[in-house]
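Chains as they are written, first to last, in the working numbering: chain D, 1 to 432; chain P, 1001 to 1281; chain A, 2001 to 2187.
In case anyone wonders, no lab produced these hints; they're calculated from the structure. Each hint should be verified, as a subset may be incorrect.
[As the list claims (entries may be wrong)] Taking lysine-lysine and the DSS-like style, the derived pairs with C-alpha atoms no more than 30 Å apart in a straight line are:
no., chain 1, residue 1, chain 2, residue 2
1, D, Lys333, A, Lys2170
2, A, Lys2108, D, Lys85
3, A, Lys2108, A, Lys2097
4, D, Lys85, P, Lys1256
Treat the numbers as computed from the prediction; the structure is a model and nothing was measured.
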Amino acid sequence: MNFLRTLAFVLFLAFFSAATVGSVEIEISSPGEQTIPLAITPLLPIDGVKQGIAEEFQQVLENDLDLSGLFDLVDPASFLSDAKKLTLSSTEVDFTQWRLLGAEAVLKGGYRFEGEKMIFELRLYDVISRRLLTGRRYIAKKEDVRRIAHAFADQVLLSLTGELGPFSSRIAYISNRSGQKELYLMDVDGNKPLRLTAHRSIVLNPDFAPKRKELIFTSYKEGNPDLYRKEIYTGRESRLSLQEGLNIGGRYSPDGREVALTLSKDKNSELYLIGTDGSLHKRLTKHFGIDVDPSWDPDGNRIAFVSDRRGNPHVFIIDVHTLEVTRLTYEGKYNATPAWSPKGDRIAFSRLEGREFNIFTINPDGSDERQLTFGPGSKEHPRWSPDGRFLIYSLDRDGNKAIWIMRADGTGARRISAPGGDDTHPAWSGRW
Amino acid sequence: MESSRKQRWKQLQSTFEPGFRRMLVVSLLLHLLLPILYQADWFPKKGPVKPPVYRVNLVNKIVKNPQAGRPEAVATKPKPSPKPQVKPKPSPKPQVKPKPIPPKPTAKHVVKPEPTPEPAPIVSQVQEDTRLDALAAIKAKLKKQKEEQDRKDRIAQLKAAAEKEATQVASPIADAPVGMPEGKGDEAGVSAIAFIRELIQANWKYSPYLSAVSNPEAKVRMFYSTDGELQHYEFIEKSGVQAFDDSLTRAILQSKSLGQPLPDNEPIIVIFNLKEMLDLR
Amino acid sequence: MQNWSTRLLLMLFVLTLLVAGCAKKPVAEEAVVEEKAEVAVVEEQPTAAIVEEQVDEAAAARAAAEEAARAAEAAARAGLARIHFDFDQYLLTDTAKNILENNAKLLKAAPVVKVKIEGHCDERGSDEYNLALGEKRALATMNYLVSLGVSADRLSIISYGEEMPLDPAKTEEAWAKNRRAEFRVVL
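If we strip away everything but chain D, and leave its shape as in the complex, we get:
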């Protein structure tokens, strides 16, 4: 009887589609506004006021949310009485007031003290459908206000987009503010910079382990550019690769079990895979040209790298299993520092044009190349945020090098590293 049933179904479908084609259709192919009007109300004390907490929280959160590009903040000067009311459930919020101000979402919260602990109650409401989008309680030490603001910013993005924000992760970079190039760590907004090494030599090009709180980097500490590994919290450090010649550009594989790097022990720079114990696993390239700057695709099957095997430096892709090499970039005369996006859909790289580098992205099949940065200064070393929403890079302008951040489409660029030294080689941690 399946035959009859299928027939009936097909006829029904035919009828239905014919019916819809007949009626009036309007197509709206762009929203009236490309931002969501969000009202961030000041944090209110539940019991016990402490100066500065609400302000610091607000400043960190606003900066994160502004960077996301999702929102248009409603002017706090226009806030009505509901902004001064502590409402921790959607039934208590006067949504009509917020609608009047044009807000589509409103963020409210309060804090209180419990001994040495601080407790934050934070809520995000949908003004139009009058419901709670996300509600969080954070219990933390008093000095963790920034951390909480970043964590809640991550939650705000999760509730609206279905994907957690990257604001609680960290950025490693190289800075010469102590006089020599050393490895540093900072928050995503550039706060809390922390020096990790004291090699008094040259430290270069860090990369985070995907899961462990651990970094690899190159250092001339022992006279040769060797690859080091450092556990961030214990501070324990060891040499991971000390082959003769270069041991540079180390990049953890997505599963964290191997490291791709450039070795020149064969009197020519070639890409290798080594284990996390430093043992040689595999030689990837075999070419008299320069092969450097590996970057893994998130599946761990391919590696983008830079080679001058066709004359000028260009980005190529090598299959880790078959060792087959394909060329990715054809435009320009000098393309370098590829970075494969965590979703695998784009590869960022920098291109030298004239005296300056700019950052581009391209599909892994070589199509749809786009320039993301313009304007004065040289922009190098792009690296992705763990969610692929943002890129960090180093900008060399007016003789000063700093770490900058921008959205993956090139908008919203801003400086994050503090003045006081030349900062380069940023690397973004995974989610901790």
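Let chain D serve as the given structure and place chains P and A on it in line with the hints.
Just chains P and A now, kept in the frame of chain D:
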């Protein structure tokens, strides 16, 4: 159940002779062929009614048979009203800039539709005139302060506007009355579809950073009553992107009331996607 | 249909377990390999005897040779000139070859002298690429010296990429100055 059907099937077979089954198959194939032919290029295709996109001024009245004119025009004469003496010096420049400002990409300036369902023409004209007067006074003041800079900016603006205008669907006449460009009727006003489209779009807020899905699309059927209130809406097709569908729900909820009656009430299907936005980026 | 999807789900589940299981496997701890720096043995100068002195022509010749060697070493230390390269190039220019011929002469005259050749680049270009390029420059320099008869075991190389510019300015002149190979006497 199954067996009884089998029996009936056998009965049918016996009544309709051996050719019956084949006949059904042929019939099915023909039915399948029809939509295929319809989808194919050689078949004259009517396609969904997609009126060209105009910026509609949301203070305008919705009429059944709009006259020829501009949907973004305001219901008053755009030319300087019968009291130009307010302007201190009738310098030639400001005259150029009454209303043919380029249709702004965002409808932010358009506030809520006027609550009065029938804007009594005289009243609104007086209001408009006083408003123009006040504007003129302020403008004169400002002009004295930064005349040079302003003028330069305006020239650049006008140039850009002229360029933009040239590429867009041109209004038939520069100072046409309120109407639709292809209007054939005799009523001053805009078509319901153009109005609703403008209203929903103005209320739709969606950020490209909400989802990595490049071009989501959803279809919603909406029913407005003749008094301009949304009776019911339903998603015919969801995009599957939660953030996108949520933004549409918010836009629709904010477009619940048109603020004025409709000439008739047929259901409207709204297709939401990001084609235009993505082109711009 | 259902059977299929359940089977698929089951397979996925098992796969996930497998992957998770593998990921948790502790990675072998790497032993810290720390090499003790060799303590350089400084040769004591033999103290001269103050008794009678026999005229020994061989000793005089030796002393003269030592003197010459010391002079050659000093000459090498002072005279080994750096060479420069074109942008994104590690091929030796004719000027560079002339300088290297002179350097080779100095090195051959001082056979005990060991030299580390440093490759450097200008600041343009990616740091990693420049490290590799610097090494190519050092290597090209070393190979040319070897071809001129300098023993290869007296030469070693290191690349500093763009990390140690002579002139930090952002001018063509500064960049040209920074694209170089230098000679450091290590003994």
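Structure-based check of each hint:
1. With a C-alpha separation of about 20 Å, the suggested pair Lys333/D and Lys2170/A falls inside the 30 Å cut-off, and the hint holds.
2. For the hint linking Lys2108/A to Lys85/D, the alpha-carbon distance of about 87 Å lies beyond 30 Å, and the restraint is violated.
3. A threshold of 30 Å between alpha carbons decides the hint, and for Lys2108/A with Lys2097/A the separation of about 16 Å falls inside it, so the pair holds.
4. With a C-alpha separation of about 29 Å, the suggested pair Lys85/D and Lys1256/P falls inside the 30 Å cut-off, and the hint holds.
Hint compliance for this structure: hint 2 alone is broken.
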